[in-house]
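**Student:** Counted the way my numbering counts, the sequence shown spans residues 22 to 499.
None of these hints come from the bench; they were simulated from the model.
Accuracy of the hints is not assured; some may be wrong.
To be verified - Lysine to aspartate or glutamate pairs mimicking DMTMM-like chemistry, simulated, CA-CA at most 25 angstroms apart:
#, residue 1, residue 2
1, Lys267, Glu399
2, Lys28, Glu39
3, Lys28, Asp268
4, Lys267, Asp402
5, Lys267, Glu39
6, Lys290, Glu39
7, Lys28, Glu160
8, Lys493, Glu39
9, Lys28, Glu122
10, Lys118, Asp402
11, Lys493, Glu122
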Amino acid sequence: MASRESKDGLLAMIRNGEIMSLRQQLLLVMQLSLPAMIAQLSTIAMNYIDASMVGSLGAAQSASIGLVSTTIWLFAGLCNAFCVGFSVQVAHYIGAKRYSEARSVVRQGLTCAIVMGFFFMLLGAAISPFLPIWLGGNEEISADATSYFLIFTLCLPLLVVNFLASGMLRCSGDIRTPSILNTLMCVLDVVFNYFLIFPTREVAYFGDSFVMPGAGLGVTGAALGTAGAMTVVSLLSLFFLVVRSKDLSLRQEKGSFRPTRPVVLQAMKFSSPMALQQAMMSSAYMMTTIIVASLGTVSIAANALAIEAESVCYMPGYGISEASTTLVGQSLGAGRRFLCRQFAHISLFLAMGVMGLMGLLMYCAAPLMMGVLTCVPEVIDQGTQVLRIEAFAEPLFAAAIVCYGAFIGAGDTRASAIMNVVSMWLVRVSLAWFLVRVMNFGLIGMWVAMAAELCFRGTIFMLRLWFGNWMKATVIKN
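Turn these sequences into a full structure, and let the hints steer you where they fit.
**Tutor:** See below:
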């Protein structure tokens with residue numbers, strides 16, 4: 022009986038067509054969500070430490086990273102979107118118990134991921150000297166911004182491999198391994214940053230002192246620390262996928278790594294709308310960055326650090342969304358559409374409850390959260406104000422995150438992409454421009470626009486989940 026209550030036992034019930042009670046469905050959602058949520062929360066903790074390290078150097082250093090952060094999201098989002106097309110196929114094949122074909126998708130996905138990673142690396146390196154100027158950065162922050170972005174782009178081949186391996190492991194039902202590796206990357210990032218950002222210095226410890234070595238590279242050190250952590254974890258993710266995975270290990274049989282037309286076309290069918298969405302969404306993020314850049318260095322820093330602080334609320338939602346993608350994908354692959362919808366609804370209400378509670382905590386603790394990240398009073402004041410505005414949008418933000426994860430698991434990426442892009446450009450960007458440039462509401466205007474857009478997006482995603490035909494996407498052919 023105990024084995025049937027385990028994660029693997031419950032996943033087997035999906036694949037074998039067995040009836041699952043509501044309790045078993047909820048238990049499985051929790052078993053898959055908790056490791057991902059813990060990993061996301063550990064990411065937040067480490068990101069706080071990371072951001073506070075850079076924030077201790079001053080507002081200009083925080084602003085230099087904040088200036089290029091939206092472009093980093095663009096490149097990372099495109100890489101992730103590319104990988105989703107292969108990961109979703111893996112979920113569908115495993116749900117149908119066609120493991121050999123799932124492993125074939127793994128091989129082909131790895132080949133395509135490496136090629137795509139090098140393409141994005143060369144593109145990013147080429148634009149890095151000009152990017153801060155395009156985004157409206159001043160001379161005070163442009164050099165550090167260029168250095169940070171260039172180092173990030175040089176690691177893109179590894180990042181793509183990590184996205185692909187982690188996504189495939191999650192879609193196979195193994196959420197714990199990617200979660201542990203994600204936590205490890207955060208820990209390594211902080212450790213590397215500690216020695217690379219700051220110079221050699223004397224540290225007091227229980228009345229004594231000792232010399233702590235350091236490279237003193239500032240923002241460049243922060244980028245190198247992230248790159249080092251990413252390298253270690255990407256190689257480990259690849260090892261667990263190729264060697265250790267129960268269902269996807271390539272040691273179980275020999276096969277070709279040469280991409281085939283059916284697999285690549287199916288991947289592009291799922292990934293292309295997401296890639297276009299990422300391009301349009303990130304363009305909108307860059308537009309909002311340009312709008313914020315006109316407000317000055319303090320506002321850029323406050324905006325960047327407030328986004329970092331807000332992640333404590335929405336990262337648990339992304340953890341639940343990962344579980345939703347896995348369960349919806351495997352249920353649909355097994356031909357169990359009613360169960361697929363049940364898992365989507367359970368994930369939705371769980372995420373809204375968790376993020377609603379986190380929003381309440383953020384409203385109360387906003388000054389403390391900003392104070393951890395920076396010691397500049399002006400930045401703390403602005404960040405506190407905007408975080409309290411954003412707190413009211415968290416439940417509907419959760420709805421958007423989890424519904425999107427469910428739609429990805431079903432392969433329904435086109436409609437989701439359109440909804441995200443329309444919401445971002447027609448609501449957030451246009452309203453932000455009006456409130457900041459026309460009404461002169463400053464950074465508060467930007468975050469009012471952001472909160473309004475997230476509420477709108479969450480509403481339309483819930484309506485599609487409840488009334489839309491989002492399970493009509495073609496999955497695998499029997």
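**Student:** If you test the structure against every hint from before, which numbers come out violated?
**Tutor:** Structure breaks hints 1, 4, 6, 7, 10.
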